[in-house]
Amino acid sequence: MKRIAIIVFATLLLAGCGPRKVTEFYARYKDRPGVNVVSFVGYRINDSIRADVTVVQAVDDSVYAALLPEFGLTRTRLGFQKVVVSGPAVSVEGNPLVRTIGTSVTQRSIYIFDCESDCSNALIQFMADVTLEYINKVK
Amino acid sequence: MGRNHFIQSESGDNMAATDNRADELLHAHLAAARRWHQGEADFRQAFHKGIAKRGASGFPVWARAAVLALVAASISFLYYYQWSSRPYESYSCNVDFTAQEGIELMHASIATI
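Going line by line, the protein sequences match chains D and V.
Taking my numbering as reference, the numbering of the first sequence is continuous, increasing by one, and the terminal residue is 139.
Taking my numbering as reference, the numbering of the second sequence is continuous, increasing by one, and the terminal residue is 252.
Isolated chain V (complex conformation) (with noise of 0.2 angstroms):
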């Protein structure tokens, strides 16, 4: 816009503050793209540190490992509470008997002659 300004003009005076202008612009312009880059680099930096911080779902990194401690909590519970709930760790069958039917067969098979 400058520079069309500058070949438009006709007097030396015009043409000298013309480029004047031209020239406070483009360093406005690349002080504004360093204020850029530099306010990049910081975002970068800041998001960055963020993650490592509180993980990129925003919670705080003691938060998720409490959430994830429970979880295996919960999870090792209810496999113990289903294991030691029942008299065997693995029941298998040829046949459509259930588990409890091989019990009942076994018992039977123990109490009779």
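Chain D on its own, in the form it takes in the complex (with noise of 0.2 angstroms):
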């Protein structure tokens, strides 16, 4: 019994301190100087669908005019429009992902979805729905 109880034990352990999963640009971004990362493995988008999510902020214009480059987006593209990228990409395993890069200069942030299947229309409503509750919030 006793010697149930501590593999139990040990193993919960083990599954609580391993490595957290974290995503392709968070791996990438984390240590750069003057950038905020947040990563979200398994973000739910809606009830069946969930997305890796990350977004990287720059903490000031200079690091954000340098970031846009490196996700094919520039200023001049961007103007006062909101950009949003929409591609296949591949996942570190080598699974074929559906990714979605849009920014916003307000915010000085890049932010990247990548869905393991075509999940543009939930992501449609979901930045949607986001986008009118953040109204609404802001209202």
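What the hints contain is simulated information worked out from the structure, not anything from laboratory work.
Please read all numbers here as calculations on a predicted model, not as lab measurements.
Computed footprint of chain V on chain D, listed as stretches where at least three residues anywhere in the stretch have a Cβ under 8 angstroms from a Cβ of chain V:
1) 39 to 46
2) 53 to 60
3) 101 to 109
4) 125 to 137
Derived contacts from chain D toward chain V, CB cut-off under 7 angstroms, selection only:
5) R20
6) K21
7) V22
8) Y26
9) K30
10) N36
A virtual CB, placed ideally from N, CA and C, is assigned to each residue, including glycine.
Assembly of the complex is requested from the two constituent chains, each provided in isolation within its own frame, with the hints serving as guidance.
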């Protein structure tokens, strides 16, 4: 009994202390000075779709300007229009991903959504809901 | 003790009687020892049988299995409850943002130009 209890607790401890899953962009930018990175693995977009989300935020304009080209974004392309780029990508494990990249000049941030299947409709709905909620909150 | 008695005896009858008594005692001791060994063997057998049947703690195996199943079910339920109550599987941040602050940053990034 005691042995089984020790095995159960050791397994739980190992599971709890095991390496935390992070997104590809989190691993890339977490040590970059002047950059805040937030990573959600398996973020719930709706009841059935989850995505890996990374938000990269620059602490000042110069860092932000330097970050944009790394995601294929430029200030001229940005203008005052929000840029959202979607396209295929491959995960670290080699699985095909649908990647959506967007940016916010106001927040000096770039956000990346990686889905394992075509989640564009769900993502559009999610973004619309978030925007509405944000607008209502700011009001 | 019997042998001491034998040495101190002077008559042959006494010697024979003492000798018989000593043999009886010896046999009695041997029989007791055999019984003790048999008893020990029986006890060992019963003990191991008991452990196999009821476990070292004295709990029946089915009760132990039930307790383990209950504990496993509770852990699974708590883990699932914790997992399902939050909108993500894993959160990481290189600065001291809480998960809620991280979500707010994401929402603000999506909602603003």
